[in-house]
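Participant: These protein sequence lines are chains C and V, in that order.
Heads up: the first sequence at position 34 corresponds to 34 in the UniProt record's numbering, and the numbers run straight through without jumps.
Heads up: the second sequence at position 213 corresponds to 213 in the UniProt record's numbering, and the numbers run straight through without jumps.
Take the hints with a grain of salt, since some may be wrong.
Claimed, not checked - In silico lysine-lysine, BS3-like type, Cα no more than 30 Å apart, as pairs: (1) C:Lys13 / C:Lys25; (2) C:Lys25 / V:Lys11; (3) V:Lys121 / V:Lys131; (4) V:Lys131 / V:Lys155; (5) V:Lys660 / V:Lys485; (6) V:Lys74 / V:Lys84; (7) C:Lys13 / V:Lys11; (8) C:Lys34 / V:Lys11; (9) V:Lys526 / V:Lys583; (10) V:Lys236 / V:Lys194; (11) C:Lys45 / V:Lys74; (12) V:Lys174 / V:Lys131.
Claimed, not checked - Away from chain C, derived, C-beta distances all over 12 Å, residues of chain V: (13) Glu8; (14) Lys11; (15) Val51.
Since the hints were made in silico from the structure, they are not lab data.
Ideal Cβ placement from N, Cα and C applies to all residues, glycine included.
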Amino acid sequence: MIMVTVNDRLGTKAQIPCLASDPVKLFKAMVSAKIGRPVHEIMLKRQGQRPFHDQLTLADYEISNGVQIDLELNTGD
Amino acid sequence: MADLSIEEANKIRLSMGMAPLPVPGAAAPSGLTFKQAAEGADPDEEPASTVETRQAAAYDNWKKLQDEEEAKKKREQRIALIKKAQEKASRFSKLEGKGLAEEANDEDDLAWLKGSKKRAKQIAKAEQMQKELEERERQAREALQYTEADLAGVKVGHEVGQFEDGEEEILVLKDTAVDAEDDDELEAVSLKEKERLQEKVDSKKRKRAYDPNDDESGPKSILAQYDEEIEGKKRKAFTLDGQGRTVEEVKAEAAGAAKPKKVAISLDILQDDTPTNDYMDISEVKIKKSKKKKSKSSKRRRVEDDDEMLTAATGEADEMEVDEPETVAPKQKKKTLFDESFVDDDDLQAQLAAQRRQALKKRKKMRPEDLARQLREDSAPETPGVMDTTELADEDAGALVIDETTEFVHNLGANAEEDEEETLRRQRRKSSHISNGIASVGEAQVDDEGDVDMGQSYAEAAEAEERNARAVSADITGTGLDEEKTVDQGLGATLALLKQRGVINSVDSGDRNAAYRERQKFLTDKQRAEESAERLRKEHRERERNSARWNNMTPREREEWARKNNVAADQVESRKLADIFNKEYKPNIELNYVDEHGRQLNEKEAFKMLSHQFHGKGSGNTKTKKHLDKIATEKRKLAESSLETTRAGGLNRAMDHEAKKSKFAGVRLQ
Numbered sequence: 001m002i003m004v005t006v007n008d009r010l011g012t013k014a015q016i017p018c019l020a021s022d023p024v025k026l027f028k029a030m031v032s033a034k035i036g037r038p039v040h041e042i043m044l045k046r047q048g049q050r051p052f053h054d055q056l057t058l059a060d061y062e063i064s065n066g067v068q069i070d071l072e073l074n075t076g077d
Numbered sequence: 001m002a003d004l005s006i007e008e009a010n011k012i013r014l015s016m017g018m019a020p021l022p023v024p025g026a027a028a029p030s031g032l033t034f035k036q037a038a039e040g041a042d043p044d045e046e047p048a049s050t051v052e053t054r055q056a057a058a059y060d061n062w063k064k065l066q067d068e069e070e071a072k073k074k075r076e077q078r079i080a081l082i083k084k085a086q087e088k089a090s091r092f093s094k095l096e097g098k099g100l101a102e103e104a105n106d107e108d109d110l111a112w113l114k115g116s117k118k119r120a121k122q123i124a125k126a127e128q129m130q131k132e133l134e135e136r137e138r139q140a141r142e143a144l145q146y147t148e149a150d151l152a153g154v155k156v157g158h159e160v161g162q163f164e165d166g167e168e169e170i171l172v173l174k175d176t177a178v179d180a181e182d183d184d185e186l187e188a189v190s191l192k193e194k195e196r197l198q199e200k201v202d203s204k205k206r207k208r209a210y211d212p213n214d215d216e217s218g219p220k221s222i223l224a225q226y227d228e229e230i231e232g233k234k235r236k237a238f239t240l241d242g243q244g245r246t247v248e249e250v251k252a253e254a255a256g257a258a259k260p261k262k263v264a265i266s267l268d269i270l271q272d273d274t275p276t277n278d279y280m281d282i283s284e285v286k287i288k289k290s291k292k293k294k295s296k297s298s299k300r301r302r303v304e305d306d307d308e309m310l311t312a313a314t315g316e317a318d319e320m321e322v323d324e325p326e327t328v329a330p331k332q333k334k335k336t337l338f339d340e341s342f343v344d345d346d347d348l349q350a351q352l353a354a355q356r357r358q359a360l361k362k363r364k365k366m367r368p369e370d371l372a373r374q375l376r377e378d379s380a381p382e383t384p385g386v387m388d389t390t391e392l393a394d395e396d397a398g399a400l401v402i403d404e405t406t407e408f409v410h411n412l413g414a415n416a417e418e419d420e421e422e423t424l425r426r427q428r429r430k431s432s433h434i435s436n437g438i439a440s441v442g443e444a445q446v447d448d449e450g451d452v453d454m455g456q457s458y459a460e461a462a463e464a465e466e467r468n469a470r471a472v473s474a475d476i477t478g479t480g481l482d483e484e485k486t487v488d489q490g491l492g493a494t495l496a497l498l499k500q501r502g503v504i505n506s507v508d509s510g511d512r513n514a515a516y517r518e519r520q521k522f523l524t525d526k527q528r529a530e531e532s533a534e535r536l537r538k539e540h541r542e543r544e545r546n547s548a549r550w551n552n553m554t555p556r557e558r559e560e561w562a563r564k565n566n567v568a569a570d571q572v573e574s575r576k577l578a579d580i581f582n583k584e585y586k587p588n589i590e591l592n593y594v595d596e597h598g599r600q601l602n603e604k605e606a607f608k609m610l611s612h613q614f615h616g617k618g619s620g621n622t623k624t625k626k627h628l629d630k631i632a633t634e635k636r637k638l639a640e641s642s643l644e645t646t647r648a649g650g651l652n653r654a655m656d657h658e659a660k661k662s663k664f665a666g667v668r669l670q
């Protein structure tokens, strides 16, 4: 089990317990449960990189325990 | 907001069909959990090529490691067991055999006493044996003492000459391979070191095939410089014969003194009667201190120099050394005119030269060299090196000397002569004019004084006048008007032509000139003001840099200070410049508009053009055509002569213009 920190730089910061093998979609669901924003509005990305795809796992993005991910508003573009 | 609890997370996970997170409170599955290797894994696939396979392989790896550790532990245990058993065995082995107490036989004391004598004898015998052995050994050791004789036939890897007298060298056996077939060889470590150093130095030097300084006699092989490369390095060595000499020496002696003895032959035959020393002892030498500087005429000195040079020339025959200081000395004498510090040296030189001359005189004998020298002396004056200006002047005093004055005087005389000739010629010409008159009247009507020659007849005079008039009238055209200038006559003519036609009007050329001059003046003034300001600033800065306050400031303060100063100076300067601007700057503004045909437009036309441009549409067809026609006619007018009367242009236009101005119709004929 790993703890991943999600942070938009506007005051929302949350720690999510998950497994490295979880798909990003699941992770987003957990984030949405935590911060109260629908899943389709959540965009996760590493700082300065492109957003995560739902189909890949966290391990694919080399996310391990204690990593912080940027949270942004997904406008659908 | 509290962090997402694991229970909540597990709820979400389960709803999405994912495995729940391990709850820390619940019993964790024992040991490690690993991913199962896929059942249908392709055996052809490269091992550990994907994350899945790698993760699956982790279990195997872990198992292997674990097994290895276990095996190691087991092995160690076994080894420990074995060791324990061995120790136990050895401990008990000591106890085997008879103990001290057990040894005693069951004999009685009497028997032991009987045997004791025998035992004592045995001990004594053993001691004796021991002593003998020691003695023998000692003798053998003594016999092994090394002497000179032992060294007979041993090679030493050095030259005999390398061992310096009185130096103790320790020779050791040379390092060789055990199976080498060479004999033992001795060498001195320090000498070896020296040799190696020498070799290194030699290798750095450039080796030449032919060394002129090499005085090695004896037969040399062909291309001796390659011997070393072909046959390897020649090792120098000698063999000891055990009697304080070397084998080579003995052999050489045995071969007899066949070796040719080197005899030193001196070649200094000519130096048999050289004096022991050219120079006197310092104590004997007395140098007369000259009173400052004798002022002799330069001419006299030069003659003296000549004498010295002659003596130098004679000296050359016997001794080469002599001529160098001889020639140097006079030069220095000249120098001393300016440099007082050389006076002492000079005296010394003179003294030495005198001494040498005396020595030479003493040795004067009649020899073939002397004869040759005399001959040379005779021919000396002809050589250019010895010749001098004074000599030249002395020798041919009768010769013609040319200098500026003589040249000037000569020219004066020549001019006078020329003048005379000129007048003569003129007179002669005059007389000829009188005689055959008509041939050259034109040029000789008036003589130098402006008097008309009354000798010629009236008829002649009239005819000449007529001819002159004809020559002048060739320039005037038949029209009675000035010929128009043409472009091919040059820039001035072109300008005149253009002015004549009114293409260029030069009304305000003076004004423009003045304006231009004023502008230039303004520019130079401005520049000068700037330069002076700059200079002032620089001086100010220099002064500041030298001040104590500047030296006490830190670099940061200095920077600040300099910046402040610069700002202030800038302000002052700009104020000054603004003053100059206000006072003197008169801008000359001209607005020129040029249309697409390259014509200068006047105000009206320019306004029209701008208007058209602004509104984005020009005039209509007819207007444009009219405009083009106008331009064409203008061009045509420009091209044709101003004197063309057939068309309305040129002079006609000028007349029209004049008439309009004066409000008179018609033409005024004059």
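Participant: Work down the list of hints and note, for each, if the structure agrees.
Facilitator: Here is what the structure says about each hint:
1. For the suggested pair Lys13 (chain C) and Lys25 (chain C), the alpha carbons sit about 19 Å apart, so the restraint of at most 30 Å is met.
2. Proposed proximity of Lys25 (chain C) and Lys11 (chain V) is supported: the alpha carbons are some 15 Å apart, at most 30 Å.
3. A distance of roughly 16 Å separates the Cα atoms of Lys121 (chain V) and Lys131 (chain V); the hinted pair therefore holds under the 30 Å criterion.
4. Between the alpha carbons of Lys131 (chain V) and Lys155 (chain V) the distance comes to roughly 40 Å, so the proposed pair goes past 30 Å and is violated.
5. As the CA atoms of Lys660 (chain V) and Lys485 (chain V) are separated by approximately 27 Å, the hinted pair is consistent with the 30 Å bound.
6. With a C-alpha separation of about 15 Å, the suggested pairing of Lys74 (chain V) with Lys84 (chain V) holds against the 30 Å cut-off.
7. Between Lys13 (chain C) and Lys11 (chain V) the alpha-carbon distance is near 21 Å, which keeps this suggested pair within the 30 Å criterion.
8. Distance hint between Lys34 (chain C) and Lys11 (chain V) is fulfilled; the C-alpha atoms sit about 13 Å from each other, no more than 30 Å.
9. At most 30 Å may separate the alpha-carbon atoms for a hinted pair to count; Lys526 (chain V) and Lys583 (chain V) meet this at roughly 12 Å.
10. The hinted pair formed by Lys236 (chain V) and Lys194 (chain V) meets the criterion: a straight-line CA distance of about 14 Å does not exceed 30 Å.
11. Distance restraint check for Lys45 (chain C) and Lys74 (chain V): the Cα-Cα separation of roughly 52 Å exceeds the 30 Å cut-off, and the hinted pair is therefore not satisfied.
12. At most 30 Å may separate the alpha-carbon atoms for a hinted pair to count; Lys174 (chain V) and Lys131 (chain V) exceed this at roughly 39 Å.
13. In this structure Glu8 (chain V) is not separated from chain C by more than 12 Å, as the shortest Cβ-Cβ distance comes to only about 7 Å.
14. Taking the minimum C-beta to C-beta distance to chain C, about 9 Å, the non-interface status of Lys11 (chain V) is violated against the 12 Å cut.
15. At roughly 7 Å, the least C-beta separation between Val51 (chain V) and chain C is not larger than 12 Å, which violates its mark as non-interface.
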